[in-house]
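Asks: If you want the building blocks of each chain, they are given just below.
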Amino acid sequence: MNAIDFTSAGPLAAPFTDGQRDGVLRYQQCTACGGAQTLARYACQHCGERGTLHWRDAQGSATVRAVTVVARAPSEAFRALAPYTLVIVQLAEGPRLMGHANPGVRIGDQVQAGFFAHEGRTLVRFAPAS
Amino acid sequence: MNAALRPAYVRGAGGTSFGRHEGRSALDLMDAAAAQAIESAGLARHEIDGVLCGYATTLPHLMLSTLVCERLALRPRYAHGLQLGGASGAAMLMAARELVRSGRCRNVLVLGGENRLSGQSRDSSIQTLAQVGDADFEVPNGASVPAYYALMASEYMQRTGVTSADLAEFAVLMRANAAGHPDAHLRTPVTLQEVLASKPIASPLSLLDCCPISDGAMALVVSADPAAQGAVVMAGAGQAHRHQHLTAMEDVMQCGAGEAAQQAFEEARLGLGDVDYLGIYDSFTITLVMLLEEIGFAPRAGAAQRARAGDFAPTGPLPLNTHGGLLSFGHCGVAGGLAHTVEAWRQMTGQAGERQIQPPRRAFIHADGGVMSSHVSLILSRED
Numbered sequence: 001m002n003a004i005d006f007t008s009a010g011p012l013a014a015p016f017t018d019g020q021r022d023g024v025l026r027y028q029q030c031t032a033c034g035g036a037q038t039l040a041r042y043a044c045q046h047c048g049e050r051g052t053l054h055w056r057d058a059q060g061s062a063t064v065r066a067v068t069v070v071a072r073a074p075s076e077a078f079r080a081l082a083p084y085t086l087v088i089v090q091l092a093e094g095p096r097l098m099g100h101a102n103p104g105v106r107i108g109d110q111v112q113a114g115f116f117a118h119e120g121r122t123l124v125r126f127a128p129a130s
Numbered sequence: 001m002n003a004a005l006r007p008a009y010v011r012g013a014g015g016t017s018f019g020r021h022e023g024r025s026a027l028d029l030m031d032a033a034a035a036q037a038i039e040s041a042g043l044a045r046h047e048i049d050g051v052l053c054g055y056a057t058t059l060p061h062l063m064l065s066t067l068v069c070e071r072l073a074l075r076p077r078y079a080h081g082l083q084l085g086g087a088s089g090a091a092m093l094m095a096a097r098e099l100v101r102s103g104r105c106r107n108v109l110v111l112g113g114e115n116r117l118s119g120q121s122r123d124s125s126i127q128t129l130a131q132v133g134d135a136d137f138e139v140p141n142g143a144s145v146p147a148y149y150a151l152m153a154s155e156y157m158q159r160t161g162v163t164s165a166d167l168a169e170f171a172v173l174m175r176a177n178a179a180g181h182p183d184a185h186l187r188t189p190v191t192l193q194e195v196l197a198s199k200p201i202a203s204p205l206s207l208l209d210c211c212p213i214s215d216g217a218m219a220l221v222v223s224a225d226p227a228a229q230g231a232v233v234m235a236g237a238g239q240a241h242r243h244q245h246l247t248a249m250e251d252v253m254q255c256g257a258g259e260a261a262q263q264a265f266e267e268a269r270l271g272l273g274d275v276d277y278l279g280i281y282d283s284f285t286i287t288l289v290m291l292l293e294e295i296g297f298a299p300r301a302g303a304a305q306r307a308r309a310g311d312f313a314p315t316g317p318l319p320l321n322t323h324g325g326l327l328s329f330g331h332c333g334v335a336g337g338l339a340h341t342v343e344a345w346r347q348m349t350g351q352a353g354e355r356q357i358q359p360p361r362r363a364f365i366h367a368d369g370g371v372m373s374s375h376v377s378l379i380l381s382r383e384d
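Protein chains in written order, with the working numbering: chain A, 1 to 130; chain B, 1 to 384.
Here chain B stands alone, though its shape is the one from the complex (with noise of 0.2 Å):
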């Protein structure tokens, strides 16, 4: 007989602003938000049982989570690191909910961060991450990973209808999001016809339509107990993994991201219809217009429709990242896509200070990796 999963609950969070930190290492900005993140939790530092790590691109360290655990002083049970691109802060969610759930570990310290701007120059790291490509048949090329969901983007659009005003909405609305956040990259409010007439990057997607890259960590704390805060229970999760590389993508319109969302509403007992927040990945605006439509959240072409009505903004019936997201919040690798659950947890307990929306009760967390490569879903739930 296996004996009861236990329930894992989001029990504490936190990071760093994000964008340009002139002269901080990677361990610096991570040692910034895990001191956050347990502090948040209630917890000592002895108390932290497992470490689940991202890596950081500044620093390929061999065992980048227990070079964390030593120079932050934690002496856990469990520990490793994770690489699964921009989908790396869900699965490590993900994984540290199954630590807790099996009777593993108590209380798992999940962490990201980097000084993905100021610790190298912009060519190396979009070099860098340009090698999610297949190194024989697609980098040879001279692409980039804009240039391939610019590739990928194209086809959707072709075979949907969807248009680059579509795309340009949702940059309008990350960035409205992040004025409110002062931890945010980008602040400065930005109009339909700026998104459109920005410096093209690779057609259809401008420079509007790219997050940038920045520094910064985030952290969060999965428990066996909830948070002082409130009780925040990861109810559900789900993953795909249909193909590494954009040429092997076999179908635009189901790229594993449904897949993933479906095994995390069954897992919850859940339906779209009970989700009332969205932390959506967005490395640019594609991304975000092609989750929203596979998952369910809006029809195919319909995602803008939804966000011109006003569906997704704070005070609709659906906010999406009312942190800002990837594009205007910021996005330094590991930790831009954990900030998608550190904001939904503020937001479910309270702790958005004048962002704070009529606290959701249901959060539904979903992330990619590589070009739509890697699929996480996560659902969230207030219990009280």
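Just chain A, with the same shape it has in the complex (with noise of 0.2 Å):
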């Protein structure tokens, strides 16, 4: 856990964060207009609707649209994994993800979402699909 934890979603964001320890990629889709959405949220994004988002399993593939690696970690529990890939992907179902990445991966290359486990945490880890 971090210190810091006060904007933490808490069950808003539950499904999400208990998939990720399960080893599955959950989103946020609409069952009024259809949309799937980015992060946790109370209403829809694309249509505004309220009370008519479901969480869905997503496959794990997805297309990398940005990319850094790390060199100053900003915590003690990170220094030990410095430097590491972060990415923000997008699904291959349209949300976006921010996850590690293994190194060497671009902007455009297409991933398969993995997971480890940091600090009690499971993280997902995004490595070249095959």
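Misleading hints may appear alongside valid ones.
Covered stretches of chain A, as calculated for chain B (at least 3 residues, CB under 8 Å) [unchecked claim]: (1) 13 to 24; (2) 48 to 56; (3) 61 to 70; (4) 86 to 98.
Quick caveat, the hints were computed from the structure, so don't treat them as lab data. The beta-carbon is built from N, C-alpha and C at its ideal position, and this holds for glycine as well.
Mind docking these for me? Both chains are given alone in their own frames, and the hints should help you get the complex.
Replies: Structure follows, in structure tokens:
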């Protein structure tokens, strides 16, 4: 857990955080308009409907949109991992997600989600799709 | 019938030096900046009838604005704090303008300051700032503010062709400007090669692409009456808030900056070509490049070319952050974002001392909070 966790969405994001712990990526989809969305929200970013959002399992395939290699870790817990690669990907289902990635991945690469344990948490790591 | 809106002027400004102020608290620093601003406005304390105060990470008080009022012996009829990350300063100035325009207040003190460098450990500061990321989806990955901006930079650079050398131009320019300001945090000139060879932080950003963490404070007075030093009216303002978290930013080419700027220009009945001074938020070199290009002061991937041509230098047609910006004057949170307007006002009213350029007539100010999340644009216009 982070020392400062006051912005956690808690129950709102639980299907995502629980899923990640079990090795499944989840995203919100609206049953009214069918739109899929990034992060956890109370209403659909596409049609504005509230109470129509459901969590779906993603297959884990994605395209890399942004990539950085972090040399200066923000905390002791991550200093041991540095340098590490972070990416923002677009899942095949549409939503975007931040995660770790194998060294050397580039923007536009097709990747597949995998998982690793770090400091008692399960995090996602994207690797080139085979 | 609505009463006609009254004009709102920047009437005074003040601030401390930025850098390390060992042993001085957030309130110590705010006191010094406020005293200078009130004095430069030619006002007595009892004439301040509105106070807007930005948050301080080293003083997370429940009622910071009225705590400040008590300590500074102010008794306003209107006060509150404001939290909008790096855009807090510009947002408070916009709100102060509305308070004056509506007739609610005559003299609004806008204030920010903190001991962000000396009042906490670097790790603590970096972790506090990283919380602008999503606590469930982003922060647990070991992301930091530089990492968010680096991710954004990678996409922007890939799509536009902007290079690391392009970004470095702005680190060099901000340092050259800061070298001329006695209050700047970082004043030793740097070369393009030194920027490119500086320690990696989060690729493509290296150390000199990032602003420092500083102690300091800045304050301004927005008033129904112009300053004795010159009439600088707040002619236009605009905001846009499209996302909070980087992952939710829909389009790196349209993050909201252009929308905020357009509102400000429409309200001021002015266009890009009327502007002769820029005060643009520059937490990282990429911030500056993206804002200049999205707002339209340079074509896509063209900001560095304008910088190389000298267009943004103090001697050029569009001087940019002549105090040295966040990148070199320094960044202590809310005050860092206020410093761009303090400098614009000083330049417009001939009070910039050895840095004085041909006094600009129309300044465009822009700030972003979060990761290009909250955007505030302001237009200042000299009336004489």
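Asks: The structure should be examined with respect to each hint, and the outcome stated for every one.
Replies: Okay, the hints, checked on the actual structure:
1. 13 to 24: Our answer is that it holds, as 3 residues pass the Cβ test (under 8 Å) against chain B, meeting three.
2. 48 to 56: Check failed, 0 qualifying residues.
3. 61 to 70: Since 6 is at least three, the answer is holds.
4. 86 to 98: holds (count 6)
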